[in-house]
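S.K.: Sequence:
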Amino acid sequence: MSFQITKAALCIFVLATCAFAQNNAARPVESFDQTFRASLQRSISIALQDDLPPPQRSRLSLPPPKAPQAATPPSAPLLLSDVLQIVGQNHPKLIGASVERQIASAKRLEKQGAFDPVVNFGSDYLQYNSTTTRGKAATTNITGGGIELLTRSGIKVGAGTRFNLGRVKSPLSATGDSGEYFVEFKVPLLRGWRINEKTAAERQALLGEPLAEAEYEITRLDLLLTAATAYWDWVASKQKLIVARDLLELADFRAQAVADRVKAGDLPAIDQAEAEAEVFNRREAFTKAERDLQKSAFKLSLYLWTADGRNAYSPEPEQAPNDFNAPVQFTDTQAIEGEKLALERRPELRALGLNRQITQVDLDLARNQRRPALELSFSPGRDTGFGAIGTTFKGGLDFTLPLRQRTADGRIGAASFKLTKLELDTRNERQKISTQVFDAVSAINTAYERYRAALQAVTLNERVEAGEREKFRLGDSTLFVVNQRERATAQARIKLIEIQAEYEQAVAAFRTAAVQY
Numbered sequence: 001m002s003f004q005i006t007k008a009a010l011c012i013f014v015l016a017t018c019a020f021a022q023n024n025a026a027r028p029v030e031s032f033d034q035t036f037r038a039s040l041q042r043s044i045s046i047a048l049q050d051d052l053p054p055p056q057r058s059r060l061s062l063p064p065p066k067a068p069q070a071a072t073p074p075s076a077p078l079l080l081s082d083v084l085q086i087v088g089q090n091h092p093k094l095i096g097a098s099v100e101r102q103i104a105s106a107k108r109l110e111k112q113g114a115f116d117p118v119v120n121f122g123s124d125y126l127q128y129n130s131t132t133t134r135g136k137a138a139t140t141n142i143t144g145g146g147i148e149l150l151t152r153s154g155i156k157v158g159a160g161t162r163f164n165l166g167r168v169k170s171p172l173s174a175t176g177d178s179g180e181y182f183v184e185f186k187v188p189l190l191r192g193w194r195i196n197e198k199t200a201a202e203r204q205a206l207l208g209e210p211l212a213e214a215e216y217e218i219t220r221l222d223l224l225l226t227a228a229t230a231y232w233d234w235v236a237s238k239q240k241l242i243v244a245r246d247l248l249e250l251a252d253f254r255a256q257a258v259a260d261r262v263k264a265g266d267l268p269a270i271d272q273a274e275a276e277a278e279v280f281n282r283r284e285a286f287t288k289a290e291r292d293l294q295k296s297a298f299k300l301s302l303y304l305w306t307a308d309g310r311n312a313y314s315p316e317p318e319q320a321p322n323d324f325n326a327p328v329q330f331t332d333t334q335a336i337e338g339e340k341l342a343l344e345r346r347p348e349l350r351a352l353g354l355n356r357q358i359t360q361v362d363l364d365l366a367r368n369q370r371r372p373a374l375e376l377s378f379s380p381g382r383d384t385g386f387g388a389i390g391t392t393f394k395g396g397l398d399f400t401l402p403l404r405q406r407t408a409d410g411r412i413g414a415a416s417f418k419l420t421k422l423e424l425d426t427r428n429e430r431q432k433i434s435t436q437v438f439d440a441v442s443a444i445n446t447a448y449e450r451y452r453a454a455l456q457a458v459t460l461n462e463r464v465e466a467g468e469r470e471k472f473r474l475g476d477s478t479l480f481v482v483n484q485r486e487r488a489t490a491q492a493r494i495k496l497i498e499i500q501a502e503y504e505q506a507v508a509a510f511r512t513a514a515v516q517y
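The sequence shown begins at 1 in my numbering and counts up one residue at a time.
No wet-lab data here; the hints were simulated from the structure. Every residue, glycine too, gets a C-beta built ideally from N, C-alpha and C.
Mimicking DSBU-like on lysine-lysine, the simulated pairs with C-alpha atoms at most 30 Å apart in a straight line are:
#1 Lys288 x Lys495
#2 Lys107 x Lys198
#3 Lys340 x Lys421
#4 Lys432 x Lys340
#5 Lys111 x Lys156
#6 Lys340 x Lys418
#7 Lys186 x Lys107
#8 Lys111 x Lys421
#9 Lys186 x Lys198
#10 Lys295 x Lys495
#11 Lys432 x Lys421
#12 Lys432 x Lys299
Pair ranges (Cβ atoms, derived):
#13 Val168 x Gln112: 36 to 42 Å
#14 Gln102 x Thr139: 54 to 60 Å
#15 Thr287 x Ile95: 35 to 41 Å
#16 Phe253 x Lys432: 51 to 57 Å
#17 Asp332 x Glu100: 35 to 41 Å
#18 Lys432 x Thr306: 32 to 38 Å
#19 Gln357 x Ile95: 25 to 31 Å
#20 Gly467 x Pro92: 53 to 59 Å
Start from the sequences, fold in the hints, and give me the full structure.
M.R.: Following this line, the structure appears as structure tokens:
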């Protein structure tokens, strides 16, 4: 393009100089100005005809009339509430977070299985060297069965029967022909009392369910915020495209009007070149606005999914609203109330609290494991049948003391340090949440003030633009100045659209921070 302009300028200079030389020799001096103007105009026309592409009809110009066709129903408008509903129901990431809740429930069921009653049965046949008649084989049948249950306090409760018939090998004892029936208790008095590894695992699994719920809420709020941000970017891109389209249609109309006036001799040919150049500049801006709208639509489509797990569609420009709601200023009371709601509802704080409880279980278990093991066991029973002795009883006490406690001490230290970290994380998260709320309110009110100023700027620019256009019609202005005024108005409108989008995004950030979605 720069080469064509340079070539045109050289042609203008050469042709104008030749015309000047010829006319100066043949005409009086006082007609010099008129001669030079006419020669210059002819030179410009020739140069523009040779070096500039012919004017093209804008793609936004009205097409030729077509035969009447059946009207198709317009696409339904896509509102923010529709987008948020689709995200909440169908987004794969949110469904994946819901699966994590099911996994947590399955883990809880697994850990609770440690306290299921267990039935056991066994039968042995022994042939061994008799202690009374050494060197001779003795035989016996040993059969037994029962049920055992581990309670969450650590006590094991069982009941069963034994049939030890024949010459029983020590340390087993014989029973009557009808067998021995008994109950059995094993009670941990120190280590394992009220908390043990199985009990701790179940408690943590029970806490894992609300923790998975909190993680689900965190994912949901993040998705809703990013979806709302993408939605308002899409709406803003649609409205910016409208501004670019209006500006291009205006340039198309003016280029045709200027061309007609140039043919009539009312305007110089350079005005036609300027008008056509403005058309190309605005066509480029319109194409970019189209691409921006497509890009924002693709981004928004990442949040539009169907119930069967397919990406639904890229929204059509016709579905976007053509305007925004008027911004409203937020009060200090709304900010304080929003902070209060956020500190009560935010799932991040719930997750930190649940993690503290899970870690506290680890600490309690480690402290219990540091105790010596002392277990009391007793088993009353009844021996029945031929050869029975009636009431039976078995009791005992087992004591174990590790010489070093490094395993328990290491677990105590790790759990204690983790609790300290979680407390610091909670303080930081509370401050972060409060800051998010007040920052969102600040962004809302700043956007509101900017909106008021930008609205006034649009009004005044439109007034100046209309006045400049009237001056141009009366011959008191230039096409360059008119174009500048139109650009200034368009830039003011685009700035107003951007501010309104920022306001809506700030409102979405506030509602997300205060868990109002």
